[in-house]
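Using the hints, position chain B against chain A.
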Amino acid sequence: MNPVISLQDIAVSYKRSGNIFKRKSYFEVLKSVSFDIYPGETLGILGRNGAGKSTLLRLIADVIQPNKGKIVNHGVSVSLLALQAGFDIDLNGHDNAIISGMLQGFSRQEVEARLDEIHEYSELGDFFFEPVRTYSTGMSARLGFSISTIISPDVLLIDETLSVGDKHFRQKAEHTMLAKIQSQQTVVLVSHTHRQIAQLCDRAILIDDGISIAAGNTREVLEAYEARLNSSSAD
Amino acid sequence: MKNHARLTFNKPFEFIWTKAIFNLRAEVQRNYLSYGWWIIEPLLYMIVYYLVFGILLSRGGEDFIIFLLTGLIPWMWFSKSVTNSSNSILAGQNLMLQIGLPTIFFPLIALLQVTIKQLPVFLILIIFIWSYGFSPGMHWWGLIPTIIVQVMLTITIASAIAAIIPFIRDLSYLVPTGLTLLMFLSGIFYDYRSIAAEWQEIFLLNPIAFLLKCYRDIFISATSPDFIMLTYWGIAGAVGCVLVFISYQRLRYVYPKIIME
Numbered sequence: 104m105n106p107v108i109s110l111q112d113i114a115v116s117y118k119r120s121g122n123i124f125k126r127k128s129y130f131e132v133l134k135s136v137s138f139d140i141y142p143g144e145t146l147g148i149l150g151r152n153g154a155g156k157s158t159l160l161r162l163i164a165d166v167i168q169p170n171k172g173k174i175v176n177h178g179v180s181v182s183l184l185a186l187q188a189g190f191d192i193d194l195n196g197h198d199n200a201i202i203s204g205m206l207q208g209f210s211r212q213e214v215e216a217r218l219d220e221i222h223e224y225s226e227l228g229d230f231f232f233e234p235v236r237t238y239s240t241g242m243s244a245r246l247g248f249s250i251s252t253i254i255s256p257d258v259l260l261i262d263e264t265l266s267v268g269d270k271h272f273r274q275k276a277e278h279t280m281l282a283k284i285q286s287q288q289t290v291v292l293v294s295h296t297h298r299q300i301a302q303l304c305d306r307a308i309l310i311d312d313g314i315s316i317a318a319g320n321t322r323e324v325l326e327a328y329e330a331r332l333n334s335s336s337a338d
Numbered sequence: 002m003k004n005h006a007r008l009t010f011n012k013p014f015e016f017i018w019t020k021a022i023f024n025l026r027a028e029v030q031r032n033y034l035s036y037g038w039w040i041i042e043p044l045l046y047m048i049v050y051y052l053v054f055g056i057l058l059s060r061g062g063e064d065f066i067i068f069l070l071t072g073l074i075p076w077m078w079f080s081k082s083v084t085n086s087s088n089s090i091l092a093g094q095n096l097m098l099q100i101g102l103p104t105i106f107f108p109l110i111a112l113l114q115v116t117i118k119q120l121p122v123f124l125i126l127i128i129f130i131w132s133y134g135f136s137p138g139m140h141w142w143g144l145i146p147t148i149i150v151q152v153m154l155t156i157t158i159a160s161a162i163a164a165i166i167p168f169i170r171d172l173s174y175l176v177p178t179g180l181t182l183l184m185f186l187s188g189i190f191y192d193y194r195s196i197a198a199e200w201q202e203i204f205l206l207n208p209i210a211f212l213l214k215c216y217r218d219i220f221i222s223a224t225s226p227d228f229i230m231l232t233y234w235g236i237a238g239a240v241g242c243v244l245v246f247i248s249y250q251r252l253r254y255v256y257p258k259i260i261m262e
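So the protein lines, in turn, are chains A and B.
Going by this note's numbering, the first residue of the first sequence is number 104, and it counts up by one from there.
Going by this note's numbering, the first residue of the second sequence is number 2, and it counts up by one from there.
Okay, chain B solo, but in the shape it has when bound:
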C-alpha cells in the first residue's frame, strides 16, 4: 500500500457510484429523447419478440406476453451486464496507466450502470404484471433472494469474462455469440416444461434458466421459488464473487503491463 491513489481509495463504493451515475449522465445528454430511451429501448425489444413469437409463430396462450416479459427483462439485465463490462478493462487503459486504481472498478462501474438503467424497466414489469391480474402476495418475497442470487452470479460471470479478455482479446468476438446461445438455452420464448422430460433437469442446471423459472414461479404460478436450489446458487455466486475479487487483486500489476504490450 504505497500508492497515493490506492491508499486513499477508502471509499470505493462512492467512486463506483459517482462514476456510474456520471457515465449515465454523459450517455443520456447526447440523445434527443434523453432518459426516454431507458424505457423505449427495452419496449422496442419486447415488441419485436412479441410480434415474432407471440403473433407470427403464435406460441403460448393468452398470457404469453406476461410469460415473455418475465423471462426477457431479467435476461436483458444479465446480457447487457456481460456485454457492457466485457471490454471495460481495455476501455479504461489510459486511466489505468496513470492511476493505480483497482482494476475491478471497471467492470463494476459497467455493471452498476446497466443495473440502474434496468430499474425503471423492472418497475414497469411489476406494474404491468399487477395490472394484468397477477396480484402480489407473500410469494413475492421470493423476489429478494432471486435478485440477490442474480446479482452475485452476474458479478461473477461478467467480471470473469472482463478479466480474461485483456489476455485473449479474440474472446470478445465470442461474447455476443455465446450470449445468443445462452439466450436460446434459457427458455425465454418457451417453457422448459415443453422440452423432453429427461432433459428438463439438465436444462435447469443452467443458472439463467433456473433464475427465469424462479421469476415465473413468483409472478405467474404465484408460488415461492425453489429455495433449496436458490441457496446452492447463492453459495456458488458468493464463492464466485470472492474468487473474482481475489483474482483481480492478484492481477492488479499485470493489467497495466499487458495493456501496453
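Bound conformation, chain A alone:
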C-alpha cells in the first residue's frame, strides 16, 4: 500500500528570543524524524512532554515547514482537530459554531445547514444562543467537540486527550471518535498516555530526543517507550 503522507528526515528548530542584551540561540525540537502515514490506519505518536509532538502535527497540517527534510503529501486533505479554535467568548454558541465551522473549511451555507445537528449533539439547549462567556468549561468543550463532528478530512490529526466535559459527554465523544477511527478515516493521534494509544492505534511511532526511534506494531513500540521512560528515570 502506498503512503498518503511521507515524512523524510525532518528537522525543526526554533529560535530562542534574543534582544540587544542577550544573544539569540537556536534549539532543535526535532532532529531527524521519518515515517509514513498509510490510508485508513490509526497511527499513534508517542513521546514525552516536550518531545515535539505538537510541532510534528503542525508540520503535517501544513501550518509550519521543516528547516530540513521533506514532507510529501500525495494529494490528501489534512486537518488538525482544533477544538474551540477561534472561539470568541462574547459571541453565542450559534455564531461561534458558524465561525469555527468556516475555519474548518466549510462555506457559511454548509455550516448553517448543519447547525441543528451541531446544536443537538452539543446538548446545550437554550444555552446555544447565549454568549460563550456564560458557559462552564465543560459546556464550551462540548460545543467545540460538536462542531468538529461535521468535519471529515482525508487525514485527521488529533492532539492529546480530548477534554470534552463531563463523564456522560466524554463517553459520547469517545464513541463518536471511535466510530470515526474504525471507519476508513486515516487518523494520526498524538499522546503521552499509554491507554489511548494501546486502545486505538494500529501502529505507533516513538519520538525521543527529536528522533523517531521506533515504528511498527503498537505493543512493541509501547514496550520500547516504557523501557526508555524507566531507563531515564533510573539515571
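Some clues are possibly wrong.
In silico lysine-lysine, BS3-like type, Cα no more than 30 Å apart, as pairs [to be verified]: (1) A:Lys118 with B:Lys258; (2) A:Lys118 with A:Lys173; (3) A:Lys127 with B:Lys12; (4) A:Lys270 with B:Lys258; (5) A:Lys171 with A:Lys125; (6) B:Lys12 with A:Lys134; (7) A:Lys173 with B:Lys258; (8) B:Lys12 with A:Lys125.
One-sided excerpt, in silico: chain B residues whose CB lies under 10 Å from chain A [said to hold, decoys possible]: (9) Gln30; (10) Gly101; (11) Leu102; (12) Met230; (13) Thr232.
Rough simulated footprint, nothing fancy, chain B against chain A, three-plus residues with beta-carbon under 8 Å [claimed, not checked]: (14) 165 to 175; (15) 271 to 280.
Just so you know, the hints here were simulated from the structure itself, not pulled from any lab data.
Think of the CB as a built atom: it goes at the ideal place given N, C-alpha and C, for glycine as much as any other residue.
Relative to the frame of chain A, chain B by itself:
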C-alpha cells in the same frame, strides 16, 4: 496546497466578511449603548477638536467646522485602520498555530471592521455638509476614485505595518506616535495653503494630506479633485496591495514559527 483548511478556503471574502461582522457584534453587545457608540465616539472627537481649534484657538472662519470634519473623518478612518490592524497577527496567534489560514486575513478583518464602523459616520458627514449649504453636484463623483485610492493605500500601509510588527514587536510602541506625527503633517486643523508656498508641494506628497485636499476640493471648493495625482496614487496603491499580498504569501510559514519563538 495540501492543507484541508487552506484547500477549501475558496470563499475568502465570505469568511473575512462574516468574521468582521461577528467581531462587531461581539464588541457591541458588551456595551450599554450598543451601536450608539459608532456615532457617539466620533462625535465626541469632533466636539473636542472643534472646542480646541475652532473656539479656543479661534482658527479658520465661519465654515471651520465643515473644514475640520472633512479632514477629520477620512483621517479617523485611516488612523483607526492602522491602529486596529497593527497587532492583528499577534492577536490571532492561537488560531494560526491550529489552522493554516492565510495570514493576511487578520489585518483585512480588522480593516473591514473599522470601515463598516465608519460608514454611518461618513453618511452623517455628507448629510451635515449638504444641510450646511454645500450641495452635491457632478464634482461629487470625484468621491469614488478618492475613496478607492484611500482604501488601496490604507490596505497597503496597514497590512505592511501589521506584517512587520511580529518580527520587531517594539515597533508597535511607535505606531501611535507615528500616527500623531502624520496627523499633524496632514493638515487636518489647518489649510495647506497657510504654510509657506515653497513647502506646499512637498507637503502634498504626503498621500494623506493629498487625499484630505481631494475631499475638501469636492465638498468645500465644489471642484473635482486632481485626477492626475489621484491616478498616480491609485497606481501606487494597487502596486502596494499586490506587493503586500505577495509578501504575506511568502511569509505564511514564517509567522506561525516566529510567534512560537
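Here is what the structure says about each hint:
Proposed proximity of Lys118 of chain A and Lys258 of chain B is supported: the alpha carbons are some 9 Å apart, at most 30 Å. Between Lys118 of chain A and Lys173 of chain A the CA atoms are separated by roughly 20 Å; this keeps the pair inside 30 Å, and the hint holds. For the proposed pair Lys127 of chain A and Lys12 of chain B, the alpha carbon gap of about 40 Å is over 30 Å, so the pair is violated. Restraint check for Lys270 of chain A and Lys258 of chain B: the C-alpha separation of about 36 Å exceeds 30 Å, so the hint is violated.
Note on Lys171 of chain A and Lys125 of chain A: the hinted pairing holds, with a Cα-Cα distance of about 26 Å set against a maximum of 30 Å. Taking the CA atoms of Lys12 of chain B and Lys134 of chain A, the gap is about 38 Å. The hint is violated against a cut of 30 Å. Taking the CA atoms of Lys173 of chain A and Lys258 of chain B, the gap is about 17 Å. The hint holds against a cut of 30 Å. Among the hinted pairs, Lys12 of chain B with Lys125 of chain A is inconsistent with the structure: their alpha-carbon atoms are about 44 Å apart, more than 30 Å.
With a cut of 10 Å, the hint placing Gln30 of chain B at the interface with chain A holds, because the nearest CB-to-CB distance is about 6 Å. Annotation: Gly101 of chain B was flagged as interfacial toward chain A, and the flag holds, the nearest CB pair being 5 Å apart, inside 10 Å. Checking Leu102 of chain B against chain A: minimum C-beta separation of about 7 Å stays under 10 Å; hint holds. For Met230 of chain B, the interface hint is violated, the least distance from its beta-carbon to any beta-carbon of chain A being 41 Å, above 10 Å.
For the restraint placing Thr232 of chain B at the interface with chain A, the shortest Cβ-Cβ distance is roughly 37 Å, beyond the 10 Å limit, so the hint is violated. Counting residues of the stretch 165 to 175 of chain A whose beta carbon lies closer than 8 Å to any beta carbon of chain B gives 4, which reaches the threshold of three, so the coverage claim holds. Note: the stretch 271 to 280 of chain A has 0 residues with beta-carbon separation from chain B under 8 Å; the three-residue rule is not met and the coverage is violated.
Consistency with the previously given hints fails for numbers 3, 4, 6, 8, 12, 13, 15, ordered from lowest to highest.
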